[in-house]
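Q: Sequence:
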Amino acid sequence: MLTRVLCLSLLAPAALVAPQDAVAEIATRLRNPKLTLDERIALEEKLLAFGENGARTLQKIVEERIQRTDEHVKKTEKAYLADFEKAARKLVEGRLDKAALAEIETARKAVLDLSKDAALSKERIHNEGDPAREKLSKLLFVQLDQILEARPELAATRDTLSNELFDIEQDHALWQRCNWGIPEKKRGKPLADPVNRWPELEQAEAWACLMATPMSDGDRDVFAKNRAMAPELAEPEEAAGILDLNRLRVLLGLNALLCDVKLCAAARDHSNDMRTLGFFAHESPVPGKKTPWDRAARFGTSAGAENIAAGQQTGADANLAWWYSPGHHKNMLGSHARMALGRSEHLWTQMFG
100 MLTRVLCLSL
110 LAPAALVAPQ
120 DAVAEIATRL
130 RNPKLTLDER
140 IALEEKLLAF
150 GENGARTLQK
160 IVEERIQRTD
170 EHVKKTEKAY
180 LADFEKAARK
190 LVEGRLDKAA
200 LAEIETARKA
210 VLDLSKDAAL
220 SKERIHNEGD
230 PAREKLSKLL
240 FVQLDQILEA
250 RPELAATRDT
260 LSNELFDIEQ
270 DHALWQRCNW
280 GIPEKKRGKP
290 LADPVNRWPE
300 LEQAEAWACL
310 MATPMSDGDR
320 DVFAKNRAMA
330 PELAEPEEAA
340 GILDLNRLRV
350 LLGLNALLCD
360 VKLCAAARDH
370 SNDMRTLGFF
380 AHESPVPGKK
390 TPWDRAARFG
400 TSAGAENIAA
410 GQQTGADANL
420 AWWYSPGHHK
430 NMLGSHARMA
440 LGRSEHLWTQ
450 MFG
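Adding 99 to a residue's 1-based position in the sequence shown gives its number in the numbering used here.
If you're looking for bench data, these hints aren't it; they were derived computationally from the structure.
Hints are supplied without guarantee of correctness; some may be wrong.
To be verified - Beta-carbon label-pair distances, calculated as ranges:
id: 1; residue 1: Asn295; residue 2: Val360; range: 36 to 42 angstroms
id: 2; residue 1: Asp120; residue 2: Glu331; range: 53 to 59 angstroms
id: 3; residue 1: Tyr423; residue 2: Met310; range: 36 to 42 angstroms
id: 4; residue 1: Gly399; residue 2: Ser434; range: 51 to 57 angstroms
id: 5; residue 1: Ala436; residue 2: Leu136; range: 56 to 62 angstroms
id: 6; residue 1: Ala199; residue 2: Glu163; range: 26 to 32 angstroms
id: 7; residue 1: Lys185; residue 2: Glu301; range: 17 to 23 angstroms
id: 8; residue 1: Ala380; residue 2: Glu170; range: 44 to 50 angstroms
id: 9; residue 1: Leu200; residue 2: Ala380; range: 27 to 33 angstroms
id: 10; residue 1: Ser261; residue 2: Arg223; range: 42 to 48 angstroms
id: 11; residue 1: Glu170; residue 2: His225; range: 27 to 33 angstroms
id: 12; residue 1: Lys285; residue 2: Leu136; range: 26 to 32 angstroms
id: 13; residue 1: Pro230; residue 2: Arg397; range: 40 to 46 angstroms
Every residue, glycine too, gets a C-beta built ideally from N, C-alpha and C.
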């Protein structure tokens, strides 16, 4: 990997005037793949010092470099993710012998029976629910580091992708710097910003890990639909909180819940009312919004249960707070088909239907 540190300045030195053959000679040298990083940077700086002509020439070279690297990344990434998905499934399947399946059944029964117990308490959730949940997680969930440890060749490919995507980001920054040496009216079409490429790969890995969890085809369909609907929600933590609860539900053998976007709007609206009006309750003082059912109806949907929380920074944190609260715990593990999560700063409303 070639690593560069770009020191960008809006004030560039006066451009030198160079004959075309000098620019061409430097361009030829820059295309030599055996150049060291220091040699390459020195030649790039020489071209940039030649003003518009040098900037245009360097920009073309950088575009070619980005294109070559990008083509390799796309091909490598496709093969990597296919192998990663297979490895994730194989790792989980390898754990599920007869004894493990019996453990899963026992642990699920312990949590679900506890959730229905009239004597459910925070202490019992800690002492009985948490150990069963932890055992299920170890058997049914797979983590990135576990896959990479089991398949060192995948870890090596991942490092290659990381390095090449970093190189693309660095070259993209250099391409933009070249633009500063070209009159604005003469600049070409901007290149796609690569800043999200690595996070997108990480998201694909997380999705592959999730899909390796044993679940029904119907649950997989719900996860896929919720993923497609996520951009419709006001902020990522609402979608993340819905995903987090559904992971818990399938871990316990319960059905995944479909995201109800309208119900999310109702939940978010209640969170906002609580924040702006200074109350914290299921019953709202706002006319027409007194009950959760009233609020759901205002947004064209329906609801059967509601949880509220305050002070959490993420959807997963809100779910964890509700997990240890008996009434909210029962709601999260209830017989529902739909769910919603709505946030207003530190206030959260979760609804089910």
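Q: Confirm or reject the claim that Asp120 and Glu331 have a C-beta distance inside 53 to 59 angstroms.
A: The hinted range 53 to 59 angstroms holds for Asp120 and Glu331, with Cβ atoms some 57 angstroms apart.
Q: Indicate whether the distance between the beta carbons of Ala199 and Glu163 respects the range 26 to 32 angstroms.
A: violated, 53 angstroms
Q: Just tell me: holds or violated, for the beta carbon distance of Pro230 and Arg397 against 40 to 46 angstroms?
A: 42 angstroms Cβ-Cβ, so the 40 to 46 angstroms window holds.
Q: Taking 27 to 33 angstroms as the stated bounds, is the beta-carbon spacing between Leu200 and Ala380 within them?
A: Given a distance of about 44 angstroms, which is not inside 27 to 33 angstroms, the answer is violated.
Q: Can you tell me whether the CB distance of Lys185 to Glu301 sits inside 17 to 23 angstroms?
A: At 18 angstroms between Cβs, range holds.
Q: Per the hint of 36 to 42 angstroms, is the separation of the Cβ atoms of Asn295 and Val360 within bounds?
A: The hint (36 to 42 angstroms, Cβ to Cβ) is violated, given that Asn295 and Val360 are roughly 24 angstroms apart.
Q: Assuming the hint says 56 to 62 angstroms, is it satisfied by the Cβ distance from Ala436 to Leu136 or not?
A: Given range 56 to 62 angstroms: holds, Cβ gap about 57 angstroms.
Q: Is 26 to 32 angstroms right for how far apart the beta carbons of Lys285 and Leu136 are?
A: With a Cβ separation near 30 angstroms, Lys285 and Leu136 satisfy 26 to 32 angstroms, so the hint holds.
Q: Go ahead and decide if the range 27 to 33 angstroms is satisfied by the Cβ distance of Glu170 to His225.
A: violated, 53 angstroms
Q: Range hint 42 to 48 angstroms: satisfied by the CB atoms of Ser261 and Arg223?
A: holds, 45 angstroms
Q: Given a hint of 51 to 57 angstroms, does the C-beta separation of Gly399 and Ser434 actually sit inside it?
A: violated, 23 angstroms
Q: Could you check the hint for me, namely that Tyr423 and Met310 are 36 to 42 angstroms apart, CB to CB?
A: violated, 29 angstroms
Hints 1, 3, 4, 6, 8, 9 and 11 from the list above are not met by this structure, while the remaining hints are.
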